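Student: This is what each chain is made of:
2 protein chains.
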Amino acid sequence: MTETVKSLPGGVFAAIPTPMRDDLSVDHALLAEHSRWLLANGCDGLLVLGTTGEANSLSVTERIELLDRLVADDLPAKRLLCGTGCCALPDTVALTRHALANDVGGVLILPPFYYKNVSDDGLYAVYDQLIQQIGDTRLRIFLYHFPQMSGVPISHALIERLVRAYPATVVGMKDSSGDWDNMRTTCERLPGFRVYAGSEQYLLPILRAGGVGCISATTNVTAPLAARVYADWHAPDAEAHQARVNEVRGAIESYSAIPALKFLMAERRGLASWRNMRPPLMPLANEQARELSARLARLRFPISARSTEQS
Amino acid sequence: MTETVKSLPGGVFAAIPTPMRDDLSVDHALLAEHSRWLLANGCDGLLVLGTTGEANSLSVTERIELLDRLVADDLPAKRLLCGTGCCALPDTVALTRHALANDVGGVLILPPFYYKNVSDDGLYAVYDQLIQQIGDTRLRIFLYHFPQMSGVPISHALIERLVRAYPATVVGMKDSSGDWDNMRTTCERLPGFRVYAGSEQYLLPILRAGGVGCISATTNVTAPLAARVYADWHAPDAEAHQARVNEVRGAIESYSAIPALKFLMAERRGLASWRNMRPPLMPLANEQARELSARLARLRFPISARSTEQS
Numbered sequence: 000m001t002e003t004v005k006s007l008p009g010g011v012f013a014a015i016p017t018p019m020r021d022d023l024s025v026d027h028a029l030l031a032e033h034s035r036w037l038l039a040n041g042c043d044g045l046l047v048l049g050t051t052g053e054a055n056s057l058s059v060t061e062r063i064e065l066l067d068r069l070v071a072d073d074l075p076a077k078r079l080l081c082g083t084g085c086c087a088l089p090d091t092v093a094l095t096r097h098a099l100a101n102d103v104g105g106v107l108i109l110p111p112f113y114y115k116n117v118s119d120d121g122l123y124a125v126y127d128q129l130i131q132q133i134g135d136t137r138l139r140i141f142l143y144h145f146p147q148m149s150g151v152p153i154s155h156a157l158i159e160r161l162v163r164a165y166p167a168t169v170v171g172m173k174d175s176s177g178d179w180d181n182m183r184t185t186c187e188r189l190p191g192f193r194v195y196a197g198s199e200q201y202l203l204p205i206l207r208a209g210g211v212g213c214i215s216a217t218t219n220v221t222a223p224l225a226a227r228v229y230a231d232w233h234a235p236d237a238e239a240h241q242a243r244v245n246e247v248r249g250a251i252e253s254y255s256a257i258p259a260l261k262f263l264m265a266e267r268r269g270l271a272s273w274r275n276m277r278p279p280l281m282p283l284a285n286e287q288a289r290e291l292s293a294r295l296a297r298l299r300f301p302i303s304a305r306s307t308e309q310s
Numbered sequence: 000m001t002e003t004v005k006s007l008p009g010g011v012f013a014a015i016p017t018p019m020r021d022d023l024s025v026d027h028a029l030l031a032e033h034s035r036w037l038l039a040n041g042c043d044g045l046l047v048l049g050t051t052g053e054a055n056s057l058s059v060t061e062r063i064e065l066l067d068r069l070v071a072d073d074l075p076a077k078r079l080l081c082g083t084g085c086c087a088l089p090d091t092v093a094l095t096r097h098a099l100a101n102d103v104g105g106v107l108i109l110p111p112f113y114y115k116n117v118s119d120d121g122l123y124a125v126y127d128q129l130i131q132q133i134g135d136t137r138l139r140i141f142l143y144h145f146p147q148m149s150g151v152p153i154s155h156a157l158i159e160r161l162v163r164a165y166p167a168t169v170v171g172m173k174d175s176s177g178d179w180d181n182m183r184t185t186c187e188r189l190p191g192f193r194v195y196a197g198s199e200q201y202l203l204p205i206l207r208a209g210g211v212g213c214i215s216a217t218t219n220v221t222a223p224l225a226a227r228v229y230a231d232w233h234a235p236d237a238e239a240h241q242a243r244v245n246e247v248r249g250a251i252e253s254y255s256a257i258p259a260l261k262f263l264m265a266e267r268r269g270l271a272s273w274r275n276m277r278p279p280l281m282p283l284a285n286e287q288a289r290e291l292s293a294r295l296a297r298l299r300f301p302i303s304a305r306s307t308e309q310s
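Keeping their order, the protein sequence lines are chains A and B.
Going by numbering that gives the first Met the number 0, 290 is the number at position 291 of the first sequence; the sequence numbering is gapless.
Going by numbering that gives the first Met the number 0, 291 is the number at position 292 of the second sequence; the sequence numbering is gapless.
One or more of the hints may lead you astray.
[What the hints assert, rightly or not] Incomplete in silico selection of chain A near chain B, CB under 8 Å:
id, residue
1, Pro111
2, Val117
3, Ala124
4, Met148
[Unchecked claim] Simulated crosslink set (DSBU-like; lysine-lysine; CA at most 35 Å straight-line):
id, chain 1, residue 1, chain 2, residue 2
5, B, Lys77, A, Lys115
6, B, Lys77, B, Lys115
7, B, Lys115, A, Lys77
8, A, Lys77, A, Lys115
9, B, Lys115, A, Lys115
Hints in this document: simulated from the structure, not taken from any laboratory.
Keep in mind the model is a prediction, meaning the values are calculated, not measured.
Glycine included, every Cβ here is placed at the ideal spot set by N, Cα and C.
Isolated chain A (complex conformation) (with noise of 0.2 Å):
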């Protein structure tokens, strides 16, 4: 086959949280409407069903269904980034087919998270026997790097050993280290490699840097901002934008992100609902909810102006 395949945009991405209703169910319509507003609002694409979507939550069942209400209910496929990897191959490799068949815009794959310490042998063995299983040229794989949540780091010479094997499959990375010094080292050994930063905070540095972008659980909430630093990312005031970015970002990061998010969603939305997520995630105290808002409020970002209706 020779069809060329358009690849997934750089920029801005939001890691979309999982909205559920209170049985803990998804609840599709929502995550269909926040999404067309994230990407009305300053992102370029999504991920969906990333650690911030709760998908390890979530059986192979429901991350199909998710992604499939989520197509039909015209959100741009190629816009999308689906994640699509588990702990046991043949789940990757359902959720894979599927998320191709969706005909998304590539699949960010953490490697299989339960074993620690393993080889890196034994990792390029997972990525090789899904692309055989697969056996797909539309096929586009994003490295999902997360340490401190998978509890199993992708070094780079894993990565350099994949693009080896696989240079037009492997083509790029969602770097959620936080350890910037790792981001640039891989966007300088691989360079044309798509790498995304996993924070907003480092989206000037890794486009700078020779990266595409980032993708991140509080770009639900900066996208509008982090946008004005990617439109011009060459310009003097980028700089300016970033610091906003990192500003508004800093007030969230310090509580937990994912009932953080939840919590400034059900605000935005003037829905209570949002809040719900599957445990062992729990939703953000009320407390620590109030100090948040709060200090959004003085950064001059306040979530909502129903904020007040909800309390």
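Dock chain B against chain A, hints included.
Tutor: Positioned in the frame of chain A, the structure of chain B alone reads:
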């Protein structure tokens, strides 16, 4: 309901590895054969689908089939502890319900292990929702504490809260922390709670502390020796038996557990396919395999007369 449910026996349990064919599908016949061998050679019961069984590398469908086939093959279900804890609660519910339908002696439940630094409230909610959704008085839950692998420890405060809320359901635990103080403290603080050490090296100590047995990967090899400890652990020669167990385990535990065990199973059975495993785990390198064989031979504990046929 007031039915009396026979509890899982105490004593020596092996966490059985899952044999796989060359295409990495489960070899059900070999699993049943090995399980019978263990029950005839020192094991009081078996853990199926634990860490050693590569449970998290199998899909829910594969896990269901594995248990169905094992029970259909006349293995005594009441002597089986079945691992059913997943990251996604719907999966844990489905597997637990299925294990109950197969009338197993108990289920071993990992906490959801993707999200780290979660609260005891969040973990309590997971077990609480599981128990409520199962809604069956026959349910017997054993907590699975293996922080080095799961990244999610189970605190004494959490255990006590669960046991207070569900005294007939949350009945015991497997403590694979390797932390003797933690095991002893659990036995002291929760009399009647059925604590299995995650290593047979603590078999005698935990019986003396009030625990009920051990569940271990290396018991696949040491079961006949561990059984001598358990058979008469009040007798004066129990310590000598325990010392012999420790000596053999010590030779194995310096290698990566699952690759080492699968190598030893291959040697004992004279069947190279026993070494197959799913990535990210990889078979023991040949040099390490030779070294391990030599160490066991020096301890006068050769694995198999047929081992020379396999090299």
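Student: With reference to the structure, classify each hint as holding or not holding.
Tutor: Hints, verified against the model:
{"no.": "1", "hint": "Pro111", "verdict": "holds, 5 Å"}
{"no.": "2", "hint": "Val117", "verdict": "holds, 4 Å"}
{"no.": "3", "hint": "Ala124", "verdict": "holds, 4 Å"}
{"no.": "4", "hint": "Met148", "verdict": "holds, 6 Å"}
{"no.": "5", "hint": "B/Lys77 x A/Lys115", "verdict": "holds, 31 Å"}
{"no.": "6", "hint": "B/Lys77 x B/Lys115", "verdict": "holds, 33 Å"}
{"no.": "7", "hint": "B/Lys115 x A/Lys77", "verdict": "holds, 31 Å"}
{"no.": "8", "hint": "A/Lys77 x A/Lys115", "verdict": "holds, 33 Å"}
{"no.": "9", "hint": "B/Lys115 x A/Lys115", "verdict": "holds, 14 Å"}
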